[in-house]
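These protein sequence lines map, in sequence, to chains A and B.
Residue numbers for the first sequence follow the numbering used here, beginning at 1 and rising by one.
Residue numbers for the second sequence follow the numbering used here, beginning at 1 and rising by one.
Among the hints, erroneous ones may be present.
What the hints assert, rightly or not - Capping the alpha-carbon separation at 27 Å, the derived lysine-lysine pairs in DSS-like fashion look like this:
1. B/K661 x B/K491
2. A/K68 x B/K506
3. A/K43 x B/K325
4. A/K68 x B/K238
5. A/K70 x B/K309
6. A/K68 x B/K295
7. B/K206 x B/K169
8. B/K752 x A/K43
9. B/K206 x A/K98
10. B/K70 x B/K363
11. B/K712 x B/K519
12. B/K363 x A/K68
Claimed, not checked - Below, a sample of chain B positions facing chain A; criterion: calculated Cβ distance under 8 Å:
13. V58
14. K70
15. K238
16. I239
17. G240
18. I243
19. A554
20. G557
Hints in this document: simulated from the structure, not taken from any laboratory.
We put the beta carbon where it would ideally sit given N, CA and C, even for glycine.
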Amino acid sequence: MLPKGFLKFIVRRSLVLLTSLIIAVYISIMLANFGGLIDEMVKADLLTTITMNIRNNPAYAGLTASEKQKIIDTLYQSALEAKGLNTPFPIRSLYYLKDSLTLDLGKALYLTSDSGSKQVRLIIMEKLPQTIMLFTTVTIINFFLNLLGGLILARRYGSKIDRIVSWLAPTSVIPGWVYGIFLILVFYTWLHILPPGGMVDYPPPKDPFLYFLSVLRHMILPMLSWIISGLFLGLYSNRTFFLIFSTEDYVEVARAKGLPPSQVDSRYVLRPTLPSIITGFSLAIIGSWSGAIITETVFDWPGLGKLLAQALSLPDPPVIVGEVVIYAWLLTLTVLILDVVYAFLDPRIKVWGG
Amino acid sequence: MRKMMRLGLKIPLYVASMVLVFILLTPILIPLTTAVSAPEEIPIYKYGWFDEVDFFVVSDPAKAIDMLKKGDMDIYFMDIGDPVLFKTVKESPELSYDFSYGLYYELTFNPVGPETRNGKFNPFYNPKIREAMNMLVDRQYIIDEFMGGLGLPKYVPVCKGFPDYERHKDVIARIEAKYAFDEKKAKDIITQEMLKEPNVELKDGKWYYKGQPIVLKIVIRGGVRRQIGDYVASQLEKIGFTIEPLYKPTAAEASPIWMQGDPADGQWHVYTGGWVTTVVSRDDSDNFQFFYTPKSSQASISPLWAAYKPAPDFQEIADKLAEKKFTSLEQRTEWMSKAFELALQDSVRVWLVDQTAAWARRKELFVIVDYSAGYWTPIWPYTLNRANKTGGTLKVGSENVLSGDAWNPVAGSNWIYDNIISTATGMGAFVLHPQTGLPIPVPGIVKSVNLEVEKGTLTFQNPESSGWLTMSLVDKVEIPSDAWYAWDVEKKKVVTAGEAGVTTAKVKIVAEYEDLIGKFEYHDGTVMSLADWVWSWPLNFERASSKSPLYDEAYEGQFSSWRQLFRAWRIVSEHPLKIEWYVNYTNMDAELIAYSYVGLAGPWHTTGIGVKAEEKNLLAFGMDKASKNNVEWMNYIAGPSLEIFSTLLNEAISEGYIPFKEWNSQYITVEQARERYNALKNWYSKYHHFWVGAGPYYLDKADVMAHTVVLKPFRSLLQRELVISVEGSGTTDPEPGSHGYLGRETVTITAKPGFLSVLEKWVVDGVDKGASATITITTDKPHTIRAVFRVWYEAVIGIVAVIVVIVILAVLFLRKKRK
């Protein structure tokens, strides 16, 4: 049985987070639709496209100008209706909000899922696995690499390797896709041993295991580009983080007692920093689910980043909002869970009782 | 036939990739001469040259060139706009390139004035100033400096290399000479015209109107148009105007200003326009009305076009050309020549450059390039080959593969990325020549076409079609009363021309096909029947009628256009297939009339299963209808549609479903229907999609997640083996052994018994087929044929008997002689 105060805390936090979510989603809806201005662009585009299609399609060659105009008007109205543009934006924005909060996400204006559906939910869900496969994997690898590396460097503070990492840390300002281009040049153009992009060999292997291996092969370069990009700054920041903790009095005492370094690290450095590490890890994992626009474009990786690029260039606001909503929901839930876990586990956070 | 669109509507990624390339690489200018070459002879092979064609996504042209050089790609289905990359292609010994010309740039002027609503002066209201702009811009400079030489100067509203350009080359050459770059002349004319204007003055080299500087607002788009816009701005600034550039990189940003905005508001003066033509147009006579006059179809959507005020003689000639009022080719040429000159005098648009798009491939490939669409030509499945030999793999890179729009045979994806693949899986009676735009018959489909055209109709036959088309002019084209005119959606019956009271048409088309019925095969192994030709006659009417569950509002317009031109049709004979169409559609090229109607039927059962799905409101052929009915857009290659089709197919097999059964029951029996559905079921279980055609290639695999497609040649499905063997003494003609055939052929095998042997029986696939001297086999599948010979006992006994008799007689004779 949970204490009453704890339940109250959960409800209060949930309400606060839900309010933040609603506000954030509505702001996203307004921004993605330019406050409704995008309607005019979409309508103009629709009307022009329909008119040009009627003019250029030989199937309409037999009609007079007024007959063509009548068809244009009908098709235009029909398209407005199909896209929901016949409802004023302020009202539609509330529908968008409702769809977002219920995770229905509505229908895209232009984009379709790979299987031909207009449902934003399906469009996103189709791309999500590829993005998770690539970027969540690389986020996990990065996380542990930086964590362990950071610990080691903290232990070897001031050593040659520590100094090299510190010098190289600024190189992480170079985004992953730039490394991606270099890696393509080295491993494809020069050595010709890894594919320059795509997700699978062509033709795709029919055997599922070979298909999986082929996908893994295609993941090497994009993953490597992100690992290199985040490595030195990740090591540097983790090392600094652990360094601060490793100079705490209780750590010094542990060392003075003659405990072996691995025990000092795991018991006296890692344990108290665990909440921050878990928070960072959780947020990084969620962040990885939104993909990376340019990296996916450079490597022709069919993920959410590339989808967002397409949605922005068209523009297709329901898809843009859909991606934001998924992220917002995940973030909100994660924050709530973390709040609850910390409240429960961390004695320094007191949410109930005297 | 023309497909023209404002640049930037459906190709944002293309533009984005171009921008990316420009960001990543510094342009190096290379001077080039890119002349238009003469049309080529087209060799056609309809069963698929390659053993496998792989499509995959490579959106970065630089990466594509690298892959081409390494042999990881054979051809790139995307043009190379970047001069640096093109230089790489040119210098690479492994690669070759081709050009296309469908993209062009121009300057659009605001024609309202002299004063716009905001009280500002607009010099471009004056046609003479607009006309002088032709001489103020150096087209060659634009090509050399901004486009790396990949372009040709453009002065008139037709594309270089297209038929109307070639027909009027002499007039266009005169125009090009007259309006060649001459900065001083342009400045003189503009100055002279400006000084005629009240309240306009030139002070210290700057133009003023009512004491204020004359500001010209130039709407400048992205990409190369940014540089063109800046150049034009600098030219105008040099002659005294004050410039305010409005940088609007995308169509969405620029369109509300120049296209949707009222030009009378004076919010802009010049726009850097771009247009694209995706197929070779054979008749550009309506371009003058479209680009220059308020009678353009654009006027209904754009206040700009509504504001055009062409000179009365230009309007008249533009209208006459658009309405095809010429009575002879000579008259058309005369009007077109005049229109070209008047267009330059009007110059609400100043044409600048026909961009030369370069396309790259491996050198060893044989490619026919489309003058307009480059490698994106629907003829590629018939012509693209390596060293004129079948076999091998073709690896095709493309900016996009599988757009995500649904593939269905009625109202599916319209994306070029999808169509360029799906076109390989379907077959028609003709393909269009990618350079002349004239139809070429696909071998083995149509024997001949005869046109009877009403006298007075302006239609001409080109010499290229003399092998398959005959045309005659007749006083009257009468429609036989039993020809099919319509389908009554409520009564579910065909309405004949006699019942509808439709008696005449402008053209009668008679197509005599090869003997296709019962012989022509589809990818799933089913064989064409008459039902494939007639079954869908009700579909057109059902989709256009609100009383039908198949009604699609979006189809109404297309239907009414078709209805006005299509009068009636009938099938005259089944073997060989002969069909008559009666239509009111006319075209300057007689071949294109035939092309518009003489087709090839697809398999009825694949579309039929879609009809069943839409009748039940589980899926919809059209995207808008699907959206409104809240069902999925019907997709034959992926997604939730497949599961629905699979269920419906089982239903159709158990109930013996025949679409529009009131009509089709006379052409399809329940058994035939089941046979077709079972073939489709087998196809689905093997290939996991329902996309069945009869084109050179079939869809082997569509991986929508990885965006790759694998096509395989139809010949691999059509290859049939007859294994002939003999038992006993004797042989056969053809000789015993394995014989390969392509498709459904009739093979006669003759038995040749050995000495004192006789054919005992034929055994075909293990079944005794009698002992006739010859046997006829249809290569509908692989067969084993065994000719069983036995000793000719009858003859042996006869011979022995004769010998015995002779011997007895001889013995008797000798005995008698001794006695």
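Verification of the supplied hints:
1. B/K661 x B/K491: holds (12 Å)
2. A/K68 x B/K506: holds (22 Å)
3. A/K43 x B/K325: violated (36 Å)
4. A/K68 x B/K238: violated (45 Å)
5. A/K70 x B/K309: holds (25 Å)
6. A/K68 x B/K295: Holds. A/K68 to B/K295 sits at ~13 Å (cutoff 27 Å).
7. B/K206 x B/K169: violated (40 Å)
8. B/K752 x A/K43: violated (78 Å)
9. B/K206 x A/K98: Distance ~58 Å between B/K206 and A/K98 Cα, so the pair is violated.
10. B/K70 x B/K363: holds (12 Å)
11. B/K712 x B/K519: Distance of about 21 Å is within 27 Å: holds.
12. B/K363 x A/K68: Given that 27 Å is the threshold and the Cα spacing comes to 46 Å, the pair is violated.
13. V58: Check passed: Cβ of B/V58 comes within 6 Å of chain A, closer than 8 Å.
14. K70: Holds: closest Cβ of chain A sits about 6 Å from B/K70, inside 8 Å.
15. K238: violated (34 Å)
16. I239: This hint is violated: B/I239 lies away from chain A, its Cβ roughly 33 Å from the closest one there, beyond 8 Å.
17. G240: violated (35 Å)
18. I243: violated (26 Å)
19. A554: This interface hint holds because 6 Å falls under the 8 Å limit.
20. G557: Holds. Min distance 3 Å.
In summary, the structure is inconsistent with hints 3, 4, 7, 8, 9, 12, 15, 16, 17 and 18 from the numbered list given earlier, while agreeing with the others.
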